[in-house]
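Make a model of the complete structure from these sequences and hints.
These protein sequences, in sequence, are chains A and B. Read in order, the letters of the first sequence are residues 22 to 466 in the working numbering. Read in order, the letters of the second sequence are residues 22 to 466 in the working numbering.
Calculated from the structure, these hints are not laboratory results. Keep in mind the model is a prediction, meaning the values are calculated, not measured. Hints may be right or wrong, so weigh each one.
No copy labels: a pair is met if it fits in one copy or bridges any two.
No more than 30 Å apart at the CA atoms, straight line, and that leaves these computed lysine-lysine pairs for DSBU-like [said to hold, decoys possible]:
id, residue 1, residue 2
1, K72, K33
2, K54, K147
3, K33, K147
4, K72, K357
5, K159, K122
2 protein chains.
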Amino acid sequence: MRLSRYFLPVLKENPSEAQIVSHRYMLRAGMIKQQAAGIYSWLPLGFKVLKRIEQIVHEEQIRAGHIPLLMPTLQPADLWRESGRYDDYGEEMLRITDRHKRDMLYGPTNEEMITDIFRSHVSSYKDLPLTLYHIQWKFRDEIRPRFGVMRGREFLMKDGYNFDLDYESAIHAYNRHMVSYLRTYERMGLQAIPMRAASGPIGGDNTHEFLVLASTGESEVFYDAAITDLKFGDRVVNYDDRAECEAIVKEWTAPYARTDETHDEAVFGQIPEERRRSSRGIEVGQIFYFGTKYSEPMGANVVTADGSRVPVHMGSHGIGVSRLLGAIIEASHDDKGIIWPEGVTPFHAGIVNLKQGDSSTDLACEALYRDLSARGLEPLYDDRDERAGAKFATMDLIGLPWRITVGPRGISAGKVELTNRRTGESEEMSSGAAVDRLAQIYAGI
Amino acid sequence: MRLSRYFLPVLKENPSEAQIVSHRYMLRAGMIKQQAAGIYSWLPLGFKVLKRIEQIVHEEQIRAGHIPLLMPTLQPADLWRESGRYDDYGEEMLRITDRHKRDMLYGPTNEEMITDIFRSHVSSYKDLPLTLYHIQWKFRDEIRPRFGVMRGREFLMKDGYNFDLDYESAIHAYNRHMVSYLRTYERMGLQAIPMRAASGPIGGDNTHEFLVLASTGESEVFYDAAITDLKFGDRVVNYDDRAECEAIVKEWTAPYARTDETHDEAVFGQIPEERRRSSRGIEVGQIFYFGTKYSEPMGANVVTADGSRVPVHMGSHGIGVSRLLGAIIEASHDDKGIIWPEGVTPFHAGIVNLKQGDSSTDLACEALYRDLSARGLEPLYDDRDERAGAKFATMDLIGLPWRITVGPRGISAGKVELTNRRTGESEEMSSGAAVDRLAQIYAGI
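And the structure:
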């Protein structure tokens, strides 16, 4: 993309309404625009990151054998009356009346609807196990929306639901989700720690939250420092293998890690003192096993091999897709702006032309643009007639992990400069070498 | 995907509520499930086609130089009060009150919001031309939703908006959209004819609708048969070239083609009688130029080169993404089921194992599955323990354009059967030849 043809409305001033760094940088980098309290437009740069995150979530869910579908944003109230949650949910549920005076709601979650889909179409144990998920906009009418997309009202979430014949199979689904989530977050450059959690309005005893450590997190968390040394890495997982998934879950749940809701001082005290940590954390996902809480009242039963009818065991598993943008920025920024991990960056590299209109730099930039594109990379070329300082400031603010700087002096020596956004380190090399280096870096992402 | 692990709830019976073939087949093929009047869940097969269509729309918009973003589903009523449409819109607008008693609405379209984004961030002619678009769920509270996704209440639409300094530039944007739409529909295997239309509540004199000829269409259309001979083909278009885009628009608008709203018997009568046609048509898109209708009342102005402030010229351009599934099926089916065009098929080919459990056919099917996947194709392998007739019926119903049939007799002779869904023609060949053939077919898509 050429910046002269893009829509990147960066702000020079810090917006006064933004209290935390991710909100501030998302506004300043022209990623979002507030349209109403807690409701945002995703401007082109923000939309691009949102799509990258969504794509990683899709890929990892499909890798785990889960099947995508899409439920609508609006739901009939009657479904929620069946589960008993229509009256329980309170004012955070946005209730709507249509022109025929029917009670509707903007879905805050989808346990009822997915159970309805299941019971309408599945009646035999032979069709189990089954895990369905979707990535869809949801609404919670927060009384005080704040922190930008971290606590918005209209938000994008992945929610998945497993249907299993028995407890053991459902626990395998739970474990499979934990494994796939560990992999998902790591691909986004995030360390998200699974912590034993309280269940809240979804129900169920078996539940973990995934928390990203950040000083602006809404939860207080307590953990054994050993857990931050764990890496998922490039291990290949057979998601059908119960023992393999269980072993990975054990690895990540053995060290103490809890939110304030489940924190136990006595157990925490048994950790060697030098490894005890407390911090703040941002919740970016949660997994639940809740058994037959929805299948029983809603009649989601299957006939077993011996001919009896039993309610299916279920769980639900969420990832806060839009919220992740905020969490990633909270975890990865400096005083100049965002620092995108390679896995989610909106563009793979920026190209800064130090002397727009100079035929040697213009040609070199165009060649770089073409060569990077030919390698499957998407560069953002700042081809505006601006001074170098303004171009650098924009690139630093929007946080592309790599920048190639092209100036007349370098070009006359056959060199461009490749700069790492995180470390600030620069290296001179030929254009071809810079393209090769970037292709190599992103090949592993 | 292996069918034994997929969620494809096909129905044997014709659902009584479905009046038209696309609705009937989408229900029977397990593509959608109604959750409330005019509100559908997209089951896995339907979701897959929806994503393919969405992807084609994105690719062609980006090719035309248009920039994607994403506006929220809910909008504040105040924006619509500025344009005057809040009171005009009537009962089709779903009006919502949030917990703080603020008036909101579920967006039926986005002229107001995109104008708000523009005026907040753009103030100079130097940032023009600009075309922004999104693909987002919308809601129209139809009094009698029907025909499945063809006339639903919650529907997915691509809507794009151009901002230009003057009339000529805005007309180029209009032409660019028409060209990109012609290409978009043709990639989906559809012939969608641009017809001069009436403007309706969006406003503006310059407008064309794109109609797919089908007996179940909601509009009566009149056209010169010459237009159905036009093909976009694989021509390469420079979307910046005004003359080139204009020439293509002229080519497609020269033959008479109008809906009943703009039909003129006198002009129609001048067409040679043997080329006069009347038919029904399904609207799958519409483009508008409406000048300063929104920019003036909402203050979307730019400063020109000579320092004056002028309202920008705008247009809006829509494609009915979810509705397209219905339109494609209406245009492409037979009495056994759907016939997907290669461009939008949910799976590239079906593999039918005639004797599940036979080691020779099982091995051959697994090898085919692996080889097709290695060529970037996505097969659907019917690995269920079902009789051949049921497997064929399912494949015919869900409409994959190609089927590979693997039976013990063929395998002993080193052959499989490749069948074209549309023609019904089958050809025996080696597995390797079938894979090569399919790779070749899809390479051109």
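Results of checking the hints against the structure:
1. K72 x K33: within (26 Å within a copy, 38 Å between copies)
2. K54 x K147: between (48 Å within a copy, 22 Å between copies)
3. K33 x K147: between (60 Å within a copy, 19 Å between copies)
4. K72 x K357: The answer is within: 24 Å in one copy meets 30 Å, while 37 Å across copies does not.
5. K159 x K122: For K159 and K122, the Cα distance is within 30 Å both inside one copy (22 Å) and across copies (20 Å).
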